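All chains, please: the whole structure from these sequences, using the hints.
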Amino acid sequence: MVNLPLFIIIPFGVAFFIPMVSRKVKWVPDVLGNITTFILLVLSLMTLNQEFVYHIGGWHAPFGIVLVLDGLSCLLLVIINLISFMATLFSIEYLEKRFTSKLRYCSLFLLMVGGMNGTVLSGDLFNLFVFMEIASIASYALVGFGCQASELEASFKYLVMGNVASLFILYAVALLYGKTGSLNMADVARILKEIPYDNLIGFAFVLIISGFMVKSALVPFHAWLPDAHPSAPSPISAMLSGVVIKALGVYVIIRLVYNLFGFTPLISQVLIYLGVVSMIVGVCLALLQWDFKRLLAYHSISQIGYVFVGIGLGTPLGILGGIFHLFNHSLFKSLLFLDAGSIEYETGTRDLNRMGLLYKKMPVTSLSTLFASLSISGIPPFNGFWSKLIIILAAIKAGRPVIALWAVIGSILTLSSFTKVCRYALYGKGEKFDREKWEKLNEVPETMIVPLIILSILCFFTGLLLINGENGIFGPVIDVLNGGVLQYIYKVLGS
Amino acid sequence: MIYYLCFVLFLIGLYGVCCKKNVVKIILGLWVMEYSVNLFLILLGYRKNGIAPILKKGEDIVEFSQKAVDPLPQALVLTSIVIGLGVLALMVTVAIRLYQRYGTFDITEMKKLKG
Amino acid sequence: MNEEKGMSLIVKTVTRWLKGFIFLFGAYIVVFGHLSPGGGFPGGVVFAATFILLTLAFGREYALKKIGKILASELDSLGAILFLLIATLGIYFGGIFFSNFIEKNHPTGNFNLFSAGIIPLCQISIGIKVGASLFMIFIILAVIRVVFEDGKGKLITTEKKDKK
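Sequences listed follow chains Z, B and P, in order. Here the working numbering is used: the first residue of the first sequence is 1, the next is one more, and so on. Here the working numbering is used: the first residue of the second sequence is 1001, the next is one more, and so on. Here the working numbering is used: the first residue of the third sequence is 2001, the next is one more, and so on.
Mixed in with the good hints, there may be bad ones.
[Claimed, not checked] To give an idea of the chain P side of the interface with chain Z (calculated C-beta under 7 Å), a few residues:
1. THR2015
2. GLU2074
3. SER2077
4. ALA2080
5. ILE2081
6. LEU2084
[What the hints assert, rightly or not] Below 25 Å or equal to it, Euclidean Cα-Cα: the simulated DMTMM-like pairs (lysine to aspartate or glutamate) are:
7. LYS26/Z with GLU2074/P
8. LYS102/Z with GLU2074/P
9. LYS1112/B with GLU431/Z
10. LYS1111/B with GLU344/Z
11. LYS397/Z with ASP479/Z
12. LYS420/Z with GLU436/Z
13. LYS1112/B with GLU344/Z
It is worth saying that the hints were derived from the structure and are not from the lab. Everything numeric in this text was worked out from a predicted model, so none of it was measured. The beta-carbon is built from N, C-alpha and C at its ideal position, and this holds for glycine as well.
So, in structure tokens, the structure goes:
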């Protein structure tokens, strides 16, 4: 029985402790940050396959705040803490070159991790909102961390859109409180089943889902992502694209749609259509990019579209595909962003035209980029192939072959886009390739290589997690989503 | 009726965010939206002819709970105001730094990130 | 920007008399948080307002002498860590996070100042944190002064740029 508040106390405590201690000593933020994320990773691996409800202060729901741990939360906790550990390992050396203030970086990073842990664990609507705001504010500050002009502009755009989304969410929480009289998610679900349907509930639903769709960068609301992800420092880009849009966006939509409001065919249609549009628009816009990180940011939009198609289908196979793609996407997308970070650390540029022939000078980086590109394009035996295959099969089985066709088209376009990346950056030459600068390159330092190697190995072997299909490791997750509203109410309120 | 007016205030703030070009006016629009949501939350707890939710010594709890205004939205609004303050402080700092880099507060001039 | 520090003599004299009372009022709001409206957040704002008033009336060097930047930052972190510490002690004494472990042992009943267990302690730590945070935000925003030469495109220098 892991103590659930530890996931929230440890990051916040260390985040406030670092500025007190490290004014004189230089290496304290690095060491403390890494130890903290490692401890959190170990704790999150210990929570697998457990399900319980933690009542804070001894007050039972619905009078007090509860922290709920079930299959979906376990999976998200493992993803968050794994990627944050990789990112802190990476940022020991990465921040030496361009950025000055490491202690503020580590504090904000740990605040972000703590906020995301809290979002994933909370069982109340307002508590969810508060933790989401903590994580969002930390990420707004981290995006504009190096104070160049373009980074500040990206940070401002992200700030304004994120804040408008948060206000929509708060408005919807207020409407739900006014209608049902309670803030606990299970309690709201129970009361919503009993009272007749009102237009006000539909309005609150639209507001809250739009707010979270902005946070998860689905297509009509994606305008902040292509600016914010490239401008951030690379470990932060890996965190943003690999974890934040999932923990703050996709997880909450899954929780609300499946366990609070109930899954109806109308919601299914909306999620599938928006997912398909995101898939295609993301990939088409990515084909035009010459900035490496901007290209990766557009691909993030496209892959999140796949996840929404999988979840929107509603069948157990579709849910398995969607959740597994969520897991895989955080692995290979953060690997790609960390690779882009290493390339930028060595060559000093993000423009694909200026890079070339990197496989000779930076072997580990290019090999991991190759692995990640094959993963995202869906080539067997990497993990991307399995999850995309399951989504396509689920679409065909549910009787909607057109969606499967769009998914295949999206996959082909993704493959072509990453072929371009590999050709210009790794194995061929860009058009403005500079030979003298190329001679002086060498591989990145060791602490930056270790996360790349670990994530590449995970990308290769994660397909094995699918053994036993729906009854294996992902069984509890599918159980939570399939159980719907009633199972969630029973779990939290126990009656 | 008053809830519709709160929503109108929310829409005014949203208009300010979407249609104004000056950075400071966008920040003010966001502040108006924040204010309207907090106002809506407090008004949800109102009861006609209610008393303040402070229990006096020797008062009966059942009678008190039927007369008092709901205290839960008040606690929520306290938290929400402080969160809004944090975001506003960050926005103002970013706006100051933007002015240092670009030399103007006009958002149509800040076009470094395109495509 | 005028060179003379602070405001006129009337403002300075009145502030010198009133600063203690404003601080005391802030402390009153924080400590009586469990009995009357208020608590940590508004009390912390009044704490910060005392020092902001000092900055406005006397100029920034005087207020920075009273509480420097480093001290404000330390108080900030201290308040937050104290809050987490009190909540974590709930695990040891009460078995669950944030439990009210002082409540059981109190001789005086409810409606007094020393009642309601750990809640006044939490309010005090929140008050310290919010006060220090707001004052730090104010001095960081007010210490950076922007002196521009041309406007668009030309280099904009800042006087006394804060490295924090």
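Which of the numbered hints above does this structure break?
-> Hint check: 1 fails alone, others pass.
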